[in-house]
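Participant: We have chain A already, so just place chain B on it with the hints.
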Amino acid sequence: MIDLIWLIPLLPFIGFLINGLGGRYLPKSVVGIIGSATVLVSFVLSILVFFELGNSEVKSFTVQYFDWISAGSLQIPFSFLMDPLASVMLLVITGVGFLIHVYSIGYMHHDEGFARFFSYLNLFVFFMLLLVMGSNYPILFIGWEGVGLCSYLLIGFWFRNTDYNNAAKKAFVMNRIGDLGFLLGMFLIFQTFGSLNYADVFNKASFISEFNTPVSIAITLLLFVGATGKSAQIPLYTWLPDAMAGPTPVSALIHAATMVTAGIYMIARSNILYVLAPFSMDVVTIVGAATAIFAALIALTQNDIKKVLAYSTVSQLGYMFVALGIGSFSSGIFHLMTHAFFKALLFLGAGSVIHAMSNEQDIRNMGGLRKKLPVTFFVFLAGTLAIIGFPPFAGFFSKDEILAFAYTQNRAAFWVLALTSILTCLYMFRMFFLTFFGAFRGTVDQQKRLHESPAVMTIPLTILALFSAIGGFFGMSELFSEHHALKEFLSPVFSVSSAMHSLAVPSHSLEYAIIVAGFIVIAMLTFFTYARYARPGVVFPADGKPVPFFQRLSYNKFYVDELYDLLFTKPLNVLSGAFYHLVDVTGIDGVVNSFGKAAMWSSARLRLLQSGNIGFYIFAMVIGVVLIILYSFIG
Amino acid sequence: MNSITQTIQLVPLNHYILLSTVLFCIRVLGVLICRNAIVIFMSVELMLNAVNLLLTAFSAFRGDTTGQVFVFFIMAVAAAEVAVGLAIIVMIYRNTRSIDVDLLNKLKW
Chain A
1 MIDLIWLIPL LPFIGFLING LGGRYLPKSV VGIIGSATVL VSFVLSILVF
51 FELGNSEVKS FTVQYFDWIS AGSLQIPFSF LMDPLASVML LVITGVGFLI
101 HVYSIGYMHH DEGFARFFSY LNLFVFFMLL LVMGSNYPIL FIGWEGVGLC
151 SYLLIGFWFR NTDYNNAAKK AFVMNRIGDL GFLLGMFLIF QTFGSLNYAD
201 VFNKASFISE FNTPVSIAIT LLLFVGATGK SAQIPLYTWL PDAMAGPTPV
251 SALIHAATMV TAGIYMIARS NILYVLAPFS MDVVTIVGAA TAIFAALIAL
301 TQNDIKKVLA YSTVSQLGYM FVALGIGSFS SGIFHLMTHA FFKALLFLGA
351 GSVIHAMSNE QDIRNMGGLR KKLPVTFFVF LAGTLAIIGF PPFAGFFSKD
401 EILAFAYTQN RAAFWVLALT SILTCLYMFR MFFLTFFGAF RGTVDQQKRL
451 HESPAVMTIP LTILALFSAI GGFFGMSELF SEHHALKEFL SPVFSVSSAM
501 HSLAVPSHSL EYAIIVAGFI VIAMLTFFTY ARYARPGVVF PADGKPVPFF
551 QRLSYNKFYV DELYDLLFTK PLNVLSGAFY HLVDVTGIDG VVNSFGKAAM
601 WSSARLRLLQ SGNIGFYIFA MVIGVVLIIL YSFIG
Chain B
1 MNSITQTIQL VPLNHYILLS TVLFCIRVLG VLICRNAIVI FMSVELMLNA
51 VNLLLTAFSA FRGDTTGQVF VFFIMAVAAA EVAVGLAIIV MIYRNTRSID
101 VDLLNKLKW
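Chains as they are written, first to last, in my numbering: chain A, 1 to 635; chain B, 1 to 109.
Same shape as in the complex, but just chain B:
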């Protein structure tokens, strides 16, 4: 185990943080801009992954395993969310014959 930790610690912490942040921001933009429902969904998953990465990096550098345990929780939640979300996307497709979210604007004033 220590070798894995030492290997991880070879890369400076700043790089991990930067990578995670950039990934997160790009995916946020993806959620906001894209019209494809599956792309939005993928962006959400990748946001979660960015956070996972950050948590693991911190736990490796601090030697505290709390971060890794948290990552497990996040993964479980992400899996559940995938199940529900894909079901919703299937229903969207069945009702509007496409996966463009701009078509879902009937609930307005």
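For reference, chain A alone in the conformation it holds in the complex:
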């Protein structure tokens, strides 16, 4: 079975080719089936691989296909690595991806670019699978770049709208900035360890006994820069809210479940390097915590249903980075898994709401939808409960695990994350109550067209809701069961680093305290937000009325976009304009034009010699002869 893992990324690629090249000739149902079936088969294969890994003694398989690059001492084979971490990621990607493909059949049904959408989705899944299955950094980088490309294609899917194109460009450019850091990190890795294969690098790294060497700090920080670009942390997160310009299934797949988790995966994969540089781990923790609370503050006042979810994604990614930064790598992966479930669920549910509301996305114009959209209401409730950490939903287990470890490792990060949990609860309930409770605030037209989504959309929603509900049981802490299934499964990947970096296990009383405190807080906030938002008479500040300073600050995303505009975009534009006028137009064009001008000027002068006057010609001949004679005497 391990021999067949090359099929796993190949099938979506074939789906991409078929749908991309032949999509316009195939009927829509066939396109949808091909697109979804390839991912389904990959999912089935991933399950088989998962079970085989579980049963085998050896936990890490490397399958080599061919020598890709061999240039002197740089040997990069094209090979796949199958180990528990890759297997978990495979299941998440193909499983959630398959459900999103099925959902898209319904959501994008009326769109004329249906086949193109599915081909891009399949291409994206192909690159993401390549990313997680590679056994060396360059193959990871192929997938890294590829998912960046596909996210550009998919965000700008409705390309006739300039704003969407700008959002897609922004995503791609910010990803690129991160990629620069990633590339520099890779170069340093090659220079330090002489190879880019995981096996070689991690083997050599495990023999380094000194912590916080400048090289290891440099490598890990540069790789982290790449992760901030891809996984939307400070300072490179501003592309993600703008990326909501793409269709909702795109937001679900790329920006909730898969692409943004690439950074987490990369750091988890390089865990040995990070453990060798505790300074970088502190940086990761600080950036993760700061991003978590920053994004949560912004999400509090957003009115677009997808923007709230986008900032929520950024915030939850901050949680995962904190988990990685404090050394609890399996907690980060666990939260990644549960987050994939409930965030994809929330996005797809939001898509269902938007679909029902005839493409309305402003929650101020929604309300009381729970009667008309019962299935959507229930699955959205499941997702909301999961994200705020309500037991026994999935988010509860993963979040509380991170909080517990944070308490023992980095107390400051714990308080920041706790505060963020409160904010998460606040903004999620605000969005939930404003959308589904109260009176309907939209137009009469929209009210007439309110309808529940078709089965092709609600079935994936239900499946995801189920996983959001039970997914937590994969990783129950010692409080409830003896086996933390996920942690045990992933332990071979993190074994060396856990030997180097001791992780204080939180005590049982601490975990109980967190659970109880969380429960009380959630209950209080439920009542508070219900009273405030779920009443029929909820009023919004009119556009133009002066709003309190903090509300304005949060609504305008803390003016970060404007700050970047001032710091980077405008100076670059000015510089570009200066170069254009000074160097290009005046300089280079001037030089090239001057050749032509010189030729014309000299010819204008020289032609005057042809005066037609014979006497002058003879005179010139005589002068010439005299000069020759003089020259023969002198020279």
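None of these hints come from the bench; they were simulated from the model.
All values derive from a computational prediction rather than experimental measurement.
Think of the CB as a built atom: it goes at the ideal place given N, C-alpha and C, for glycine as much as any other residue.
There may be inaccurate statements among the hints.
[As the list claims (entries may be wrong)] A few chain B residues that don't get close to chain A, going by computed Cβ distances all over 10 Å:
| # | residue |
| --- | --- |
| 1 | Gln6 |
| 2 | Thr7 |
| 3 | Gln9 |
| 4 | Leu13 |
| 5 | Leu19 |
| 6 | Val39 |
| 7 | Ala50 |
| 8 | Phe58 |
| 9 | Val71 |
| 10 | Ala80 |
| 11 | Glu81 |
| 12 | Ala83 |
| 13 | Gly85 |
| 14 | Ala87 |
| 15 | Tyr93 |
| 16 | Asn105 |
[Stated by the list, open to error] Between beta-carbon pairs, the in silico distance windows are:
| # | chain 1 | residue 1 | chain 2 | residue 2 | range |
| --- | --- | --- | --- | --- | --- |
| 17 | B | Gln9 | A | Ile629 | 27 to 33 Å |
| 18 | B | Val77 | A | Asn613 | 23 to 29 Å |
| 19 | A | Asn613 | B | Ile26 | 18 to 24 Å |
| 20 | B | Leu104 | A | Tyr580 | 54 to 60 Å |
| 21 | A | Arg607 | B | Leu86 | 28 to 34 Å |
| 22 | A | Phe595 | B | Glu81 | 44 to 50 Å |
[To be verified] Covered stretches of chain B (in silico footprint by chain A; criterion: 3 or more residues with CB under 8 Å from a CB of chain A, positions within the stretch not fixed):
| # | stretch |
| --- | --- |
| 23 | 25-32 |
| 24 | 96-104 |
Facilitator: Below, chain B alone, put in the same frame as chain A:
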């Protein structure tokens, strides 16, 4: 033959050179200044004659007959040139009804 050579050698060489040079320069000026095509042509012939004179004088004083042989060549060339040149002058007259060379200025920029 020797008497002719001795007679020629009675006049010092400098005189021959001077005469030849003056003749040549005057005729060059004539080519440059005159507008009459026939005068220009005559000037060219006289320039050739000046050179002939010089060559003969040198050959007489050196006793080397190469100069005189060269003179023969020059005379033959001059004759051919006269034939062609006069034909051209006749064509000029036919086209412009005069032999003023200043009228031939159409081939200009």
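Participant: Taking the hints in turn, state whether each one holds.
Facilitator: Quick rundown of the hints versus the structure:
no., hint, verdict
1, Gln6, "holds, 33 Å"
2, Thr7, "holds, 32 Å"
3, Gln9, "holds, 28 Å"
4, Leu13, "holds, 21 Å"
5, Leu19, "holds, 20 Å"
6, Val39, "holds, 12 Å"
7, Ala50, "holds, 15 Å"
8, Phe58, "holds, 18 Å"
9, Val71, "holds, 21 Å"
10, Ala80, "holds, 20 Å"
11, Glu81, "holds, 15 Å"
12, Ala83, "holds, 21 Å"
13, Gly85, "holds, 14 Å"
14, Ala87, "holds, 17 Å"
15, Tyr93, "holds, 15 Å"
16, Asn105, "violated, 3 Å"
17, Gln9(B) / Ile629(A): 27 to 33 Å, "holds, 28 Å"
18, Val77(B) / Asn613(A): 23 to 29 Å, "holds, 27 Å"
19, Asn613(A) / Ile26(B): 18 to 24 Å, "holds, 22 Å"
20, Leu104(B) / Tyr580(A): 54 to 60 Å, "holds, 55 Å"
21, Arg607(A) / Leu86(B): 28 to 34 Å, "holds, 33 Å"
22, Phe595(A) / Glu81(B): 44 to 50 Å, "holds, 45 Å"
23, 25-32, "holds (count 3)"
24, 96-104, "holds (count 3)"
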